[in-house]
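Undergrad: For reference, the chains in residue letters:
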Amino acid sequence: MKKRLLSMLLAGTMVVSMAGCTSGDGGAENTGVGTPDPETPVTQQTYEEDHNEIEGGSAAELVDGKFAETRKITVEVYDRGNDGGSDPTNNMYTDYIKKGMLEDHNVEVEFVSVGRWSEVDDINNLLAAHNAPDICLTYSYPTIQTYADMGGVIDLQNYVVDYKNDLPHLWDWLGTTNMYWDKSVTDGTLWAIEGKRANNNRIVTFVRKDWLDTLGIAEPTTTEEFHDMLVAFKDNASTLLGADADKMVPFSCSIDVGWRAALIIESKMDPNITDKELYVNGFDDRKLTQNGTKEAMKLLNGWYNEGLMWDEFILHDGDTAEDDMMKAGYVGAFMHNWDYPFRGGEDSIQANLKRIVGEDAKFVAVDCFEASNGEYIKYCDSTAGDRKIFFPTTNDEPLASLLYLDWISDPTHIEYLQCGDEGVTHTVLDDGAYAFMTTTGDAIMNSGQNIDMTITCNGLHLSTEDLTRRSMYNNYPPCDPEDVKKADDVANNGKKPAKNSKITTIEAETGMGEALNSKRNVLYDNVLKCKPEEFDAQWEEYMSDYLTSGGQAIIDERTEAWEKLYGDKVTLE
Amino acid sequence: MIRFRKKQKVVVPHKKVDFKLYMKRYWQLYLLLALPLIFLLVFKYSPMYYVMIAFKKYSIVQKVSEMPWAKNHGFEYFIKAFKNKDFLYALRNTIFLNLLDIIVGFPVPIIFALLLNELRLKFFKKTVQTIAYMPHFLSWVIIYGLALQLFTPSSGLVNMVIQKLGFEPVHFLDSGTGWVATYIGLGVWQSFGWNSIIYLAAISGISPELYEAASVDGANRWQKMWHITLPSIRPTIVVLLILALGNVLGSSFDRPFALQNNAVLRQAEVISTFVYKNGIKGLQFSLTTAVGLFQSIVNVIFLLLANWFSRKMGERGIV
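Those protein sequences? They're chains A and B, same order as listed. For the first sequence, my numbering begins at 1247 and goes up steadily by one. For the second sequence, my numbering begins at 218 and goes up steadily by one.
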């Protein structure tokens, strides 16, 4: 009896919970938009054409750009977890957007925060739960491709054309280049729109100016001079750091060696590298399989074994130990985003250095890694290659969502979101440039130039290029605008922007991104810190593991795809 | 305990009990039981439905029932997993680290409990016990933070001492063997105090008469420990050993994940971290569900084997 009762109870609850689960799977009904309609003819367009030549339509349901009934959309916003930042989903700027969207389009906007440093995990979870925001963004195109293959992403190709007349700012700002960057040449699908880089500065090398001055060394201009400078730092550690001499790190680097030593790695690449080669090996944005990487790593391995680099980098993944060393003044040189030491206002590396070490202490940008032809090449992104915006199939409001993108691409709105109110976030200088102030409370921008709010625009974008540059230098209080200018100048010297291969789908890349990135870092880290005599063996071992784990398959498929599209051509227009 | 006894009293074999009467008397007990049962069903049993993902081609937008079956009669992802050398590494590491954990870590709480039991000073005993099980409440992220402060090659406290004594720094965290030793050592440190509680409870249940009788016969403390305490807690030891063996392919996530780094990934990647990196981060849900299912099945087999073995040895099993 007891047993029967128990089993009845068990069975009963099982049935109830099962029913609950299967109905929870709903929302899969409206997948139709995700799969490309084979009936729709693929519009053959060249991407660099003027968008004014594309004949677009307008939405019938809008009157004066407004919906008759209030629509509701949700928008992803990064949460950077800044110390003392503002609420990413509710601050002065989100209020501005919400108010504007309701007034101009009768669309109610709600922001959904996604961790900046766990974005792919977070979006995976939200998508799997059919709970993703209507407007999603990520830096990772392969992630979008994977969702699209599962039928989880809306194909935007028809929407952007059909509603073109309702989206004037979006088209003007992105142009065909960014709008169609990810458009497939084979079937015309468009899974994502590329946000535009107003500023495609990438990586710059920074060195401690006050240390150079103390030792009477000039700023390095070649790789060799840079190395000699590191040796001088190390040899004079007690002069430079006194009792803390043993804490000195002449050149610091994180576990992401491919990024944090990128300029050295890239300087060993063949400066005449073809577009084809760049593309074929371009799946790894840390240039692991490019032609000069091994030589560069051998050089760095030598430096590591000379004691010029941080010997504990491999134990610190995602913590602030390295930044803390920079702030405390133990680091002589490093390579990072062009504005890295200036970011974060009072908590920036530069401001901390001044506070902790002294008035003269600061990092300055130097340009010293020459390629074999003597040029200081900076491989960088084009206007695309930044954040990719996509609509998951759970988005029932593609038009309202596109109107949102249009609204935040309006130059006046971009300017407000980046500059805020006079007297609160900035003052205007005599020459008309904005000088930004340290802000508090709701007015704090959680990201530089508020890029988290302006998802179609990365980098300061004001009415004129000249005003933008001058204002940009004043964008990092309390850092010296001259230091920012110098970093900007270095970042712009020898820029080589990426070109669009227009090949969007590589089967072998699906689902491999994470595993290969992790293997790449393991390779870089281990060949950096191994003993010099083990370097070759370690390189071979890790590289063969990388290639057999999917790297080679991608290289082969990319080569094939290139040759199919371009034949023997090795250069893009 | 009370519930158990009451029920035993009612259900006399071969005697029909009136259902209504029975329920009228005991419905409160079933109500109490309902909550944990619902918990089990909702969070443990109903997710099992999704085990099907291991045999299907996963799609983020389809219902499980709608997803197409994977190739090779649904076993595509199992084949893929066993061809994946990272998975094989993870499998090897999981077994190796767990066995090492059992060999090194299993006896420690027993010894500790026996020693603690011999202490006469009550205050001292309580203090030692509290200090010993305190680390159990620390998260592994914090323990890794402590490990960094202590064990890093050049700035860690332990290595600074070693260097001051004129020796080469020991690579506790960034060399394979050093890392395994640190991993096992920290695991033992974190858990032995907590795990000893069960043994202490078992020891406190031993009848004092046995000790008195032994004293009368002239047994010393060592003999009492060896011939009375240890045999008395043997059933407890066996049950816990079965559970430990049943988990030899299982792996906690936070401990290896927090402690591992790129220098030791070959030794440190275990199934749980493999599943996280490839499944959750790499979107290969079918593959990693297959791996998880395989892990669970092997665990059940191990559990049953250990159970069968313990019965053969004349001990009570748990299943």
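Simulated from the structure, these hints should not be mistaken for lab results. Where hints are given, some of them may not hold.
[As the list claims (entries may be wrong)] Just a few of them, taken from the derived set where beta-carbon distance is under 10 Å, the chain B residues facing chain A:
{"no.": "1", "residue": "R309"}
{"no.": "2", "residue": "F313"}
{"no.": "3", "residue": "V481"}
{"no.": "4", "residue": "N495"}
[As the list claims (entries may be wrong)] Quick list of the computed label-pair ranges, beta carbon to beta carbon:
{"no.": "5", "chain 1": "B", "residue 1": "F470", "chain 2": "A", "residue 2": "A1754", "range": "39 to 49 Å"}
{"no.": "6", "chain 1": "A", "residue 1": "K1493", "chain 2": "B", "residue 2": "I414", "range": "35 to 45 Å"}
{"no.": "7", "chain 1": "A", "residue 1": "N1371", "chain 2": "B", "residue 2": "M269", "range": "35 to 45 Å"}
{"no.": "8", "chain 1": "A", "residue 1": "P1517", "chain 2": "B", "residue 2": "V375", "range": "44 to 54 Å"}
[To be verified] Now the stretches of chain A that chain B is said to cover, found in silico as 3 or more residues with beta-carbon under 8 Å:
{"no.": "9", "region": "1324-1334"}
{"no.": "10", "region": "1361-1370"}
{"no.": "11", "region": "1552-1564"}
{"no.": "12", "region": "1691-1703"}
{"no.": "13", "region": "1767-1778"}
C-beta atoms are modelled at their ideal positions from N, C-alpha and C, and glycine is treated no differently.
Undergrad: None of the hints should be skipped; say for each whether it holds.
TA: Checked hints:
1. R309: violated (15 Å)
2. F313: Nearest chain A Cβ about 19 Å off; hint violated.
3. V481: Constraint on V481 of chain B satisfied, holds at 9 Å.
4. N495: holds (6 Å)
5. B:F470 / A:A1754: 39 to 49 Å: violated (29 Å)
6. A:K1493 / B:I414: 35 to 45 Å: Since the Cβ atoms of K1493 of chain A and I414 of chain B sit about 43 Å apart, the hinted range of 35 to 45 Å holds.
7. A:N1371 / B:M269: 35 to 45 Å: violated (20 Å)
8. A:P1517 / B:V375: 44 to 54 Å: holds (48 Å)
9. 1324-1334: That given contact is violated, which follows from only 0 residues of the region 1324-1334 of chain A lying within Cβ reach (below 8 Å) of chain B.
10. 1361-1370: With 3 residues closer than 8 Å to chain B, the region 1361-1370 of chain A meets the three-residue bar; holds.
11. 1552-1564: Holds, because 6 residues of the region 1552-1564 of chain A bring their Cβ atoms closer than 8 Å to Cβ atoms of chain B.
12. 1691-1703: violated (count 0)
13. 1767-1778: Since three or more residues must qualify, the claim that chain B covers the region 1767-1778 of chain A holds, with 5 doing so at under 8 Å.
The structure shown violates the earlier hints numbered 1, 2, 5, 7, 9 and 12.
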